[in-house]
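**Student:** One-letter residues, chain by chain:
2 protein chains.
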Amino acid sequence: MPADVAFLQAAHCHRPSHTPVWFMRQAGRSLPEYRSVRGEGSILQAIKVPEIAAAITLQPVHRYGVDAAVLYSDIVVPAHAVGFGIDVAPGTGPVVEHPLRSHADLARLRPLDAEHDTDYVVQTVRLLAAELPVDVPLLAFAGAPFTVASYLIEGRPSRTYEHTKQLMHTDPATWHALMERLVQHSVAFISAQLRAGAGAFQVFDSWAGALSRVDYDRFVLPHSRSVFEQLGTWHPGTPGIHFGIGCDHLLESMLDAAQGHGHGTPVLGLDWRTPISEARRRMGAGLVVQGNLDPALVLAGMATALEGTDTVLADNVLTDGTRHPGHIFNLGHGVQPETDPGVLAAVVAHVHEVTATELGTGS
Amino acid sequence: MPADVAFLQAAHCHRPSHTPVWFMRQAGRSLPEYRSVRGEGSILQAIKVPEIAAAITLQPVHRYGVDAAVLYSDIVVPAHAVGFGIDVAPGTGPVVEHPLRSHADLARLRPLDAEHDTDYVVQTVRLLAAELPVDVPLLAFAGAPFTVASYLIEGRPSRTYEHTKQLMHTDPATWHALMERLVQHSVAFISAQLRAGAGAFQVFDSWAGALSRVDYDRFVLPHSRSVFEQLGTWHPGTPGIHFGIGCDHLLESMLDAAQGHGHGTPVLGLDWRTPISEARRRMGAGLVVQGNLDPALVLAGMATALEGTDTVLADNVLTDGTRHPGHIFNLGHGVQPETDPGVLAAVVAHVHEVTATELGTGS
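Protein chains in written order, with the numbering used here: chain A, 1 to 363; chain B, 1 to 363.
Same shape as in the complex, but just chain A:
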C-alpha cells in the first residue's frame, strides 16, 4: 500500500497526510456533466456501457478531488443480472413486478457468476483501475443481504418493511435460504470488482435500521458477517466499510458483523444521528469511522455546509487536541440530486485544508 494513499491510511488507522473524503452517491444526478452523458432510462441499462459508467465514476474525482472513487452502480445489479425481474424506476427506486413472497420464488435467484453475468461491471472497473490517479482507490460496493432482500420482497419503496418482516417471522426457513443466496451475490459481486482492481469496498445495509436489534441479530447479522468473513478470506487486508441509515441502535451488531472481515480494523459508517465521539465511547477508542455530515446541511448552502463540516471534524479531535487517524469524511447518507456541486467542492477543499495543517507529516 503506497504510504500516501490517504483513504487507505485512514481505513487502516494509520495517520494519513490529511483526512480523506468522498461522498456516497458522489457520481450522479447532482452533477451537470453526469446529466449530459447519462441519457434517459434505468441506471441498470446505463451501467451496461463500461465507457459511460467509467466516465460517470470519474466525474466527481476530477471535479472535487475526492480521495476515493465509488463505482457508478446500484445495489440491485446482481439480482437484475441473474434475471430475478427487478428494475430501477427513475424517481421511484427499485421496482419488482413479481415480489418474492414464497419459497418457490427463490428459483428466480440463481447464483451470481459475476465475471459473466456482470461482465460490464468488471470491464468498467478495469477501465477505472487504469485511469484513476494512483492515490485515489476505487470502492467496490454491494447491498447487504437484508437491504437487497427488502427490495425483492416489498417490490416497491416501503416505510414499514411489512412483507419483509412477515417473511422472516413466519417462514424463517425461506428467509434464511434467501439470505444465503444474497450473501453469495454480495460476495461474488464485490470480489469480482476487487479482482478487477477496486481497492476497498462498502456494504450498504441502508434499511437495516427498520429492525429491532433482537431481530437484526437473529435474522441478519449471521448473513452480513458471512459476507465480511468470505471477503476477508479472499481479499485479506482490503478495507471494508459497513453502513446503514438510522442504525444507531444497531451499531454494535453491525461492527460485530464487519469484524468477521480479516483485515484488522473494520470501518463503521455512521449517519448524522451518531456522533463520532459517541461511537468511539460505545465501541472503543480505536474505532475507525466514516461519516457523517447530514446531507440536508449541504443543501442548506455554503455557510451551513462548512459549519457542519467543522462540527464533524471537531468531533474527531481527541482530548489531547490531535485528530483521530481513523476517520474517513463522508456524508451520513447519499448526495441529494439537488445538491450544489460548488458546495461539495468547498467541503472537500475545507476538509483537506483544515486536516492537512494539523495532521501533516510532509510527503
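Be a bit skeptical, because a hint or two may be false.
Claimed, not checked - Derived DEER-like restraints, expressed as beta-carbon distance ranges:
| no. | chain 1 | residue 1 | chain 2 | residue 2 | range |
| --- | --- | --- | --- | --- | --- |
| 1 | A | Thr319 | B | Glu115 | 53 to 61 Å |
| 2 | A | Val134 | B | Gly284 | 32 to 40 Å |
| 3 | B | Pro111 | A | Asp340 | 53 to 61 Å |
As the list claims (entries may be wrong) - Computed footprint of chain A on chain B; a stretch qualifies when at least three of its residues, placed anywhere within it, have a C-beta under 8 Å from a C-beta of chain A:
| no. | segment |
| --- | --- |
| 4 | 77-90 |
| 5 | 270-279 |
Derived from the structure by calculation, the hints contain no laboratory data. Ideal Cβ placement from N, Cα and C applies to all residues, glycine included.
Using the hints provided, position chain B relative to the given structure of chain A.
**Tutor:** Using the frame of chain A, we list chain B on its own:
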C-alpha cells in the same frame, strides 16, 4: 383518580390491576365499522361532525376493550383551523399548497383560539367524556412543534426534511418564531381537550428522529419543553406522553423536554428500536414507558403478533420477576390500515390475561 383506572395507575407508576393497552391510530382504517361511517374525503372534514368523530373514537374501545380512547383527529388540525392552508390527502398525508419558507409566511399562522376555531373537537370530547366507560380515559393529542413545522415547511411527505433543516440553520430567527407559534397551538389544542374532559395527553414528535441530537437540543427541545411546562402548569397531575419514531438517539432529550411537565413522572413513548429494559438502564429504573410492539409483527399474523407481545411484556419484567408498574402497552407506531382487527383484539386480551394473573390485586 379512581384506583381502578389501569391507564392512569400505570402512567403514575402505581401498580395497576393489569398492564393497560391501547394502540396509536386504533380508531381508523383498519376497522370495517370505521369504513362504513367514514365516507370519502379528508379527515379534516370528517372530524368536523362531532357525532361521527365520537363514534369513530368509540369503535376500538367497544371492539378491543382497550384501556384508553384516543381522539379521532389529526396533528395538522390546529394549523388547518387557523387557515394556514393545509389539508390531508387520503393515501398521501398532509399537503400544503404554499409551504412555509420565509418570515412573511408566519402571517398565515395566527394564534389558535381552540374553543372557537376547533369547537367541533371540543364538542367531540364532551360527547366522549359522557359516553366512555369510567375506567377508560380519553387521550388528547397534538403534534409537537417540530413535526407540525416539518409538514408546514416541506408541504408534502419527505424523507430528508431538507427545507425544514435549511430553515432552522439559515434563518434561526424565523425558525424559533415559527416554533413559538406552534407551541401555542399545541398547548391551546391539548388544553381545550383536557378542559372538555380528556384525562391524559400525548405529544407526537413523529419525525424528530431525522435530527441529530445536537440539532434537536438547539432547535426543538426548548419548544417541546415549553409545551409540557405550560400544560403542567394548567393541568397539574395529568399524565403526558412524549413520543417519536426512530428517536432512540434522542430519548434522553425527549425525556428532558417532558420533565418540564409538572405531574411527576412523564411517560416516554418508545418504538421497537429501543428495548424497554434498555431505556430504563439509560434513563433510570423508575422510567414510565409506553410501547413498543412493531406494528409489522401485528401484520404478520396471530402467532407472530402474540409472540412479539410476549417479548414486549417480558422486557418489562424486573430481575426479581415482578412486572414494572410503569408500562402502558402499545405498538411502536400507528396501526397499519391493513391490520387484521382480530389480531389486535387478541393482543389486548393476551396483555390483560397475562398481566392480570401476575399483577392482580383483586378488584
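**Student:** Give a verdict on every hint.
**Tutor:** Each hint tested on the structure:
A beta carbon spacing of about 56 Å between A:Thr319 and B:Glu115 agrees with the range 53 to 61 Å that was offered as a hint. Our hint of 32 to 40 Å for A:Val134 and B:Gly284 is violated, since their Cβ atoms are close to 55 Å apart. At about 38 Å, the beta-carbon gap between B:Pro111 and A:Asp340 misses the expected band of 53 to 61 Å. Note: the segment 77-90 of chain B has 0 residues with beta-carbon separation from chain A under 8 Å; the three-residue rule is not met and the coverage is violated.
Counting residues of the segment 270-279 of chain B whose beta-carbon sits less than 8 Å from any beta-carbon of chain A gives 4, enough to reach three: the coverage restraint holds.
The structure shown violates the earlier hints numbered 2, 3 and 4.
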